[in-house]
Amino acid sequence: MSTPANRTAMRGYPRKDGRKGIRNVVAVAYLVECAHHVSRLIVQKSGFDDVHLIGFPGCYPNKYALEMMKRLCTHPNVGAVLLVSLGCESFNREELRRTVAASGRPVDLLVIQQAGGTTKTLQAGVAAVNRMRAQIVQQQPVPMALDELVVGTVCGGSDGTSGITANPAVGRCFDWLIENDAKCIFEETGELIGCERIMASRAITPELGREIEACVDKAANYYRIMGYGSFAPGNAEGGLTTLEEKSMGAYSKSGSSPISGLIKPGDVPPRGGLYLLDVVPDGEPRFGFPNISDNAEIVELIACGSHLILFTTGRGSVVGSAISPVIKVCANPDTYERMSEDMDVNAGRILHGAELDEVGREIYDLVQSVAGGAASKSEALGHQEFILTYKQFEPIGPACLPAA
Amino acid sequence: MTESKANGTRLPPLLLLHPDDNIVVARRDIAAGERVELDGEAFMIPAAVELGHKVARRAIAADARVLKYGAPIGSMRAPVARGEHVHMHNLRSDYIPSTTREGSDGH
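Top to bottom, those sequences are chains A and B. Residue numbering for the first sequence follows the numbering used here, beginning at 1 and increasing consecutively. Residue numbering for the second sequence follows the numbering used here, beginning at 1 and increasing consecutively.
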């Protein structure tokens, strides 16, 4: 049982844009795969758990990737940024540096070709990280309220228990967070295929409802062209048979609040409420699968401002994330027994008679503890997965945020 | 058997999620030949069913919709008798075919 005896009070590091961060991370960002190894060495040699590795591997320009990196490097949980470029890639490193500097954060940029190779960049990088970290550890966190919190939810390794235990328990937690004006985001429209009409009926305006149906249609079309739905062999082994069955289970993570808006990666919810994140690219399918693994979805939720992520799993995922803590809610009681080291909450006990509200309450308390500084399981185990790939999006239309 | 599984055995092993559903879900692993309660009657499970898997609540015809959580989750590709396993071999998606490590379910 991970119910905290005394819930830690929420606190955050105040940022210039008015948001608060529940962590104060130094992000080391490679701007092309060719700078990945040197960046990883800088993170390892710095030796601090709060120095995280992020980056974009591509050499070709991509507007989405630049916007995502801007959002991530100015995320409230990030206190300072070191950019590492090889030198010849097309990533607009100066624009990214200006954006971070304008946000009031310490920022440095190293170009490996100018610095003189691996070892010199590594030495300069470790020195830069230590210098910036010494600056930001002086910052004092201040009290933080639920209406300042953004929480994202994702599922990974779903099985036949997910839609009965962990997902509806997260849904209860979302309902209570939203009652307190928190901003909550659920996603993966490709895993909501089959739920479009029920979802549309929860939208706060009919126009938003139509946008939601259209975005699920877009997802179904996109996945048909890819030749696969978002359905993995492990889903079937765990008792799920069809994409729409998996969708109905995933959908229950959203709880029962009205849907206030439809956002795209990098859009920060404007006010408290429930938001659907459309992760499927616009236009003709061009760069492959919308999200190649769970962490790609987590990174997009973080780019939308999520301070922490509620990750439900039946088969048993172990991942965490760079930048924002991941809380693991295990749906399957047998999986929990095998993998309790990685699981923050045993929602599978609902199958043994525990009440949904009791598990939902445990998640709700844990959200506030982790926002107060307590480490989640994946965080304590050092999980800092990160993946960002090519995509393209059009901006959201006016009907998508009716209350903005 | 572990303690938590033993706790589970006190509860009915088949779970009805919504009154409109024509399938029920195994709350724990159920052995072949085990007598379980289905809609208030004793019923013998013909073949083993794993935790999280689906069993027909009543006979379902080929091409009929399967309802779980009160919502359609696909159509039967073959008829199924009461108490039998409902899965990849007899249920198909009405949207996008599911995939296994052996390939697509091929409808």
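It should be emphasised that the hints constitute simulated quantities derived from the structure, not laboratory data. Remember, predicted model here, so these are calculated numbers, not experimental data. Any given hint could be a false lead.
[Stated by the list, open to error] SDA-like cross-link-like pairs, simulated, lysine to any residue; straight-line CA separation at most 20 Å:
1. 218(A) to 59(B)
2. 218(A) to 89(B)
3. 218(A) to 289(A)
4. 16(A) to 218(A)
5. 218(A) to 270(A)
6. 16(A) to 67(A)
7. 218(A) to 97(B)
8. 63(A) to 392(A)
9. 45(A) to 101(A)
Here is what the structure says about each hint:
1. With a CA separation close to 36 Å, the supplied pair residue 218(A) and residue 59(B) exceeds the 20 Å bound.
2. Note on residue 218(A) and residue 89(B): the hinted pairing is violated, with a Cα-Cα distance of about 29 Å set against a maximum of 20 Å.
3. Between residue 218(A) and residue 289(A) the alpha-carbon distance is near 13 Å, which keeps this suggested pair within the 20 Å criterion.
4. At roughly 37 Å between alpha-carbon atoms, residue 16(A) and residue 218(A) are farther apart than 20 Å, so this suggested pair is violated.
5. Proximity of residue 218(A) to residue 270(A) is assessed by CA-CA distance (about 24 Å); at most 20 Å being required, the pair is judged violated.
6. Of the supplied pair hints, the one linking residue 16(A) and residue 67(A) holds, its CA atoms being roughly 19 Å apart against a limit of 20 Å.
7. Among the hinted pairs, residue 218(A) with residue 97(B) is consistent with the structure: their alpha-carbon atoms are about 17 Å apart, no more than 20 Å.
8. Simply put, residue 63(A) and residue 392(A) have alpha-carbon atoms about 7 Å apart, close enough for the 20 Å limit, and the pair holds.
9. For the suggested pair residue 45(A) and residue 101(A), the alpha carbons sit about 25 Å apart, so the restraint of at most 20 Å is broken.
The structure fails to meet hints 1, 2, 4, 5, 9 from the earlier list, while all remaining hints are met.
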